[in-house]
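Given the coordinates of chain A, work out where chain B should sit on it, guided by the hints.
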Amino acid sequence: MNTILMTTLTISGITGILALLLSVANRTIANYGEMKLTINDEKEYTVEGGDSLLSTLIEEEIFIPSACGGKGSCGYCKVKVTQGGGEILPTELGYVTPEEQREGIRLSCQLKVKTDLKIEIPEELFNVRQYDYTLSYMADVTDKIKHLRLRLPENATIDFKPGQYVQILTPVYKESDEEVYRAYSIASSPVNKNHIELLIGYVPEGICTTYIHKYLKEKDRLTIVGPFGDFYYRDTDREMIMVGIGTGMAPLLSILRYMRDQGIQRKGTFFFGARTREDLFLTEEIDEISRTLKDIEIVYTLSRPTPECHWEGPVGRVNDLLDKRLDDCSRLEAYLCGSPLMIDAVMEVFKKKDFPLEHIHYDKFE
Amino acid sequence: MMELNPLVIFFASIFTNNMILSNFLGMCSFIAISSEIKTSLSLGQAVTFVLTFTTLLNYLVYHYLLVPLGLEYLRYIVFIIIIAAFVQLIEMIIDRYFPALYHALGIFLPLITVNCAVLGVSLFMIIRDYTLLQSIAFGLGSGLGWTLAIVTMAGIRQKIKNAPIPKGLEGAGITLIITGLMALAFIGFSGIVVIQ
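Chains A and B, in that order, give the protein sequences.
Each residue of the first sequence is one higher than the one before, starting from 1 at the first, in the numbering used here.
Each residue of the second sequence is one higher than the one before, starting from 1 at the first, in the numbering used here.
What the hints contain is simulated information worked out from the structure, not anything from laboratory work.
Fair warning: there could be bad hints in the mix.
[Said to hold, decoys possible] The calculated lysine-lysine pairs, modelled on DSS-like cross-linking and capped at a C-alpha distance of 30 angstroms, are:
{"no.": "1", "chain 1": "A", "residue 1": "80", "chain 2": "B", "residue 2": "38"}
{"no.": "2", "chain 1": "B", "residue 1": "161", "chain 2": "A", "residue 2": "114"}
{"no.": "3", "chain 1": "A", "residue 1": "144", "chain 2": "A", "residue 2": "174"}
[Claimed, not checked] Cβ pair distances, simulated, as ranges:
{"no.": "4", "chain 1": "A", "residue 1": "202", "chain 2": "B", "residue 2": "28", "range": "46 to 56 angstroms"}
{"no.": "5", "chain 1": "B", "residue 1": "132", "chain 2": "A", "residue 2": "13", "range": "18 to 28 angstroms"}
{"no.": "6", "chain 1": "B", "residue 1": "80", "chain 2": "A", "residue 2": "30", "range": "20 to 30 angstroms"}
{"no.": "7", "chain 1": "B", "residue 1": "183", "chain 2": "A", "residue 2": "30", "range": "34 to 44 angstroms"}
{"no.": "8", "chain 1": "B", "residue 1": "93", "chain 2": "A", "residue 2": "235", "range": "53 to 63 angstroms"}
{"no.": "9", "chain 1": "B", "residue 1": "76", "chain 2": "A", "residue 2": "230", "range": "28 to 38 angstroms"}
{"no.": "10", "chain 1": "A", "residue 1": "171", "chain 2": "B", "residue 2": "171", "range": "52 to 62 angstroms"}
{"no.": "11", "chain 1": "A", "residue 1": "120", "chain 2": "B", "residue 2": "45", "range": "32 to 42 angstroms"}
{"no.": "12", "chain 1": "B", "residue 1": "76", "chain 2": "A", "residue 2": "30", "range": "25 to 35 angstroms"}
{"no.": "13", "chain 1": "B", "residue 1": "164", "chain 2": "A", "residue 2": "44", "range": "37 to 47 angstroms"}
{"no.": "14", "chain 1": "B", "residue 1": "164", "chain 2": "A", "residue 2": "312", "range": "51 to 61 angstroms"}
No experiment lies behind these values; they were computed from the predicted model shown.
Glycine residues also receive a C-beta, built at the ideal position from the N, C-alpha and C atoms.
So that you can see chain A by itself, here it is in the shape it has in the complex:
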């Protein structure tokens, strides 16, 4: 009995002393005090040092796009640092090109605020806000994809361009003990400023998708930050080539709905690809839109149709389809959205056909 008591006391004593020591160190050594953060040479903030630049900016309600939630694995949260910040870290090298490094571009999730900093960010990021949405509708559109409609409180509005994305703040829940941000494209038309729609595919062990698919219920609240992204509808008179694979059709649906709502008649083709017939979704609405937008042709394509699909449309990868269908690309404009593999493959085809690069817009879903 005595030994047991002694053992317990010794171990807890040692652990306790060390814990005390570490918390004192945390309060003194790891306490960087207040730092001055200057943004675009005009706005000045006094911030608590020691945290990453990304989370420090979030504290100040400035939301830098980040898809991985600050793990340094997406490379979206780039910020130009003009003063302070020190040398670039090994963890940033994979995402910041040597050219960008010379300009002072850094990953804001890796850079810690340890000195006064001067940074530059695009003005429109000041428009990014945090919104408190309520889930008003949720339905399965395939066995893996959910269709969500989220409503803002009365009188609250969001301004976004069709094609842009928002980030969902996934709260702590049973299967995850950290808050993470994950990016999803808006599928609804920006004409309706009070609600947004999202199409969210299930990713096994994905922190946010698991939460959405297994835990989120109607009337639940969801914190959303946005809008972000340079993938959006461009007002030109070029013929549009739109390619959306799986949930990659969401931002394109937003563009189509926007064109319908605004009565914009442009020539174009919308390629919606999936594996099997069951993986195509919201086709009724798409067909309905195409009756209004008469110059938009809709092409459904399946990569792996099964005999049960009774599929008579195009089969195979969309890049092969484009290779066959496209001829003169000089008057075209492209919107690509889906997996990086698909986009890289389509880009190959475009390069081969001298597609004007400045008119290719894409959003890679990682």
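For chain B alone, kept in the frame of chain A given last:
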């Protein structure tokens, strides 16, 4: 055992009883971070520093706390806690005051916590019944020996960077083979003195 001069232990733990090359301890970071001399040297320094001080701390805790209380069997858990806390503290200090070193080691610093060479030295010190001076010499020597091994390995790996290595052996494979060859070379020292 007691009559071994600390200086003998110091040199023996660098050459004849090298932690990596004769005990094969601390292999994971040895293989992972031995591709560049500069980085491996800073990791080596960190390991040497941690080894010397944890050996000293563990010696004091063992002989002045665990032995008097008759709780020697707790040494594994106590050593591990002390090493972990010490590395945590060092990480905070380096992060704050030595940004250049922190850059070089980056996320690898916490690896030292689970570096078995660090725990190994503390345990060998108890098994071999070293005195305080002998333990410090052993800790410092083992750290320098570990540094010598990883820096040498990094040097070799930099040399063979463009060598036509069979595809399946690239990376960890060839590193393990080189480790074996280096260990053979270090056996050449073993006639000089033996400390175990």
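Open item on the list: Let me make sure I understand: some of the numbered hints might not hold for this structure. Which ones are they, in numerical order?
Closed with: 2, 4, 9, 10, 13
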